[in-house]
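Visitor: Below are the chains, spelled out letter by letter.
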Amino acid sequence: MNAEKGKFLKAAGSIWGQRVTILVAVIVVMAIVQPRFFSSGNMLSILLAIAFYGVIASGMLFVVLIGGIDLAVGSEAALGGTIFTMYVLAHDMSAGTFFTAFLLAILVAILVGLLHGFFDAYLGMPSFVVTLATQYALYGLTQYITKMNYLPVLNASGLFYQLGNGKLFGIPSPVIWFVILAVIAAFVLKKTPYGRRIYAVGGNPHAAELVGVSSKFHKMTAYIICAVTASIAGMLLVSMNMVSSYKMAAGYEGPVLMALVIGAVNLMGGEGSMGGVFFGALLVGIINNMLILIGIDTDYKEFVQGCIIILAVAINVYTSRKSQGLVDQKRRRMPWLNRPKRGAPDG
Amino acid sequence: MVLKPKTIRKLITIGLVIAMALLFGMSTESFFTVRNITMIFRDASYVGIIALGVSFVVIGGGIDLSANGIVCFVGMACARLGVLAGFPAPVIVIVGLLAGALCGYLNGLAVTRLHLSEFITTLASGYIFAGFAVFLVFRENGNVASAAVTNKAFLALGGHIPHTYIYISSVVWVLLAIVVYIIQTKTKFGLHTVALGSNPKSTMMSGVDIDFLKLIGFVLAGLFCGIAGIFQVAYQSASTLTLGDSMGFQAVAVCAVGGVVLGGGKGDAMGAFLGALFMVILLNGLYKISPSPSIQFIFQGLIILVAIFFDTWFNRMMEKKLFSDAVRKRKNQTPLGAVKAEG
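Residue numbers (numbering that gives the first Met the number 0), protein chains in the order written: chain A, 0 to 346; chain B, 0 to 342.
Pulled out of the complex, with its shape left as it was, chain A reads as follows (with noise of 0.2 Å):
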């Protein structure tokens, strides 16, 4: 093999390679089903579609890298957006009010990071079962506060409509919100303390204390982010739909989490990348647009997230084992393959 051709499949094989070439492998596809994908209206309801959950998996990547998880996203985003509905629905559609309604539902947001945090930081609880227990609780509390009933906001304007339905360059502000949340992720991950302390307190917590790094603070801190920004995403949602209800976000952690897996996120914690994140939402965005443009029933949708995922996770897993040198167990099992070539010198 030529240095050259060693050089390519090197890039082809690293991780950003094979991610390339998934995205390019399925637009083309894509490009010989159906044209319209192209179609810059299309561009961007898949970008406004993958933004919610994009918002929240920017969050929930700094929870799963510290080793834990948050299945209540749905639910604090619930209860965000429904906040943020009735404080404005109370009052007046004035910048003001705005403001305090925004910053009264981070406020929420943050109390229920900070519970989830204390649960697991300071009680030693599973996260799995916590959160799934506050999921049930948050839900209840959001259908105890609106009485089950829909509140749709009538008179949208000013600040409260351009939260989820303005524009910057054509360019819807949810997208942008994503963006924004994914770049300071990425920054704060990669070139801050604080983020690569979050890398070592999820690669090993024990050994993270030994050196001097508080692993209980950061997981409160992880959690309070996953949960400020499910908040956000379900103030966009609100602001978006112009109503609230308390199953506006329901089963969001399953997408999310399909962004993270795809994305190479491991959820045992300390390894992930927002880059891998972005491009696990993408490719989920796609695919959902890709089964409403082919026409397949909406039925099926789930199915076929499913084999999508388990497809992902098995490159994912297979490439990393090939790499630490852990497949070659086939050519015991298949012995032929050990066989010498013919003519070959013995020994």
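Simulated pairs of lysine-lysine, DSSO-like, Cα-Cα distance not exceeding 27 Å:
hint: 1; chain 1: A; residue 1: Lys-246; chain 2: B; residue 2: Lys-287
hint: 2; chain 1: B; residue 1: Lys-319; chain 2: B; residue 2: Lys-200
hint: 3; chain 1: B; residue 1: Lys-200; chain 2: B; residue 2: Lys-265
hint: 4; chain 1: B; residue 1: Lys-319; chain 2: A; residue 2: Lys-215
hint: 5; chain 1: B; residue 1: Lys-320; chain 2: B; residue 2: Lys-5
hint: 6; chain 1: A; residue 1: Lys-215; chain 2: B; residue 2: Lys-320
hint: 7; chain 1: A; residue 1: Lys-215; chain 2: B; residue 2: Lys-265
hint: 8; chain 1: B; residue 1: Lys-200; chain 2: A; residue 2: Lys-321
hint: 9; chain 1: B; residue 1: Lys-287; chain 2: A; residue 2: Lys-146
Coverage of chain B stretches by chain A, computed from C-beta distances (three or more under 8 Å per stretch; other residues unrestricted):
hint: 10; segment: 107–120
hint: 11; segment: 124–132
hint: 12; segment: 243–253
hint: 13; segment: 260–272
hint: 14; segment: 288–295
hint: 15; segment: 306–314
No lab work stands behind these hints: they were computed from the structure.
Just so we're clear, the structure is a prediction, and the values are computed from it rather than from any experiment.
Glycine included, each C-beta is placed from N, C-alpha and C at the ideal position.
Starting from the known structure of chain A, fit chain B onto it as the hints suggest.
Guide: Okay, now just chain B, sitting in the frame of chain A:
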């Protein structure tokens, strides 16, 4: 007599279940009626049977969230066969069981052969199995339609035992709980599973085929989901695509409440049984007090939190006690190799 921590933990759970039942019994008239109690046992049997199966995986250190998909798929398969006139009921049951076990086997293969993580595999395969059900669903002019199951012998499975108020599913649940308890505490397979959950590496080192254990765990989880699916379809006499919704998460939560904690190596079938009973009594009692779903949701969440908190605290305390006991023992011993002073 000194009780083991495991026994104390179980006694506390039993006490909690009884205390809660008494509390609800005192606050509402209609709680301690034969009708209500049989209803509690019927509702608990569906999630309880699933929790029994899932407990194999959880004790082995894994997690299985695919129960919703398996229940949906098995339910739809049984409903498909159940509408055919004159189709033998035992065949329907066997097909249901096989379908469940097959789903579990696929999960197990993905985990042991492809080395995928249990969490994400079963989350995704839940979607996939629910997708199988979408392929099977009844359609009229392309729209999803429902059809009533007409097979009398099959429908009898969802009803009472003749001349009593007891549902067949609750009897099967109790029997299965006993069988699973014996398997988990008395047989080699069960003990190996506990070892796998406590320390997979040393279990593998001591010559146990851990991949096989995991595979069997998943197959059993799938099989039990199949049983639950069959009973649920027989009771409702029709299958919908929402059958078994959120069962996957609920089964794990039920296990955790009963002391079968994520991470493995702790708890047994009795915990899963009590956890399911606890949860269903709670929901039933709350419904009797206030039929608003919001209050039920809030309390369900809070109670799970309290149960997990208690469990974590208890385990920590027991670990501390074991540690301090060991230290005390060590102090009383003469140091190794030292000559005991005479006199």
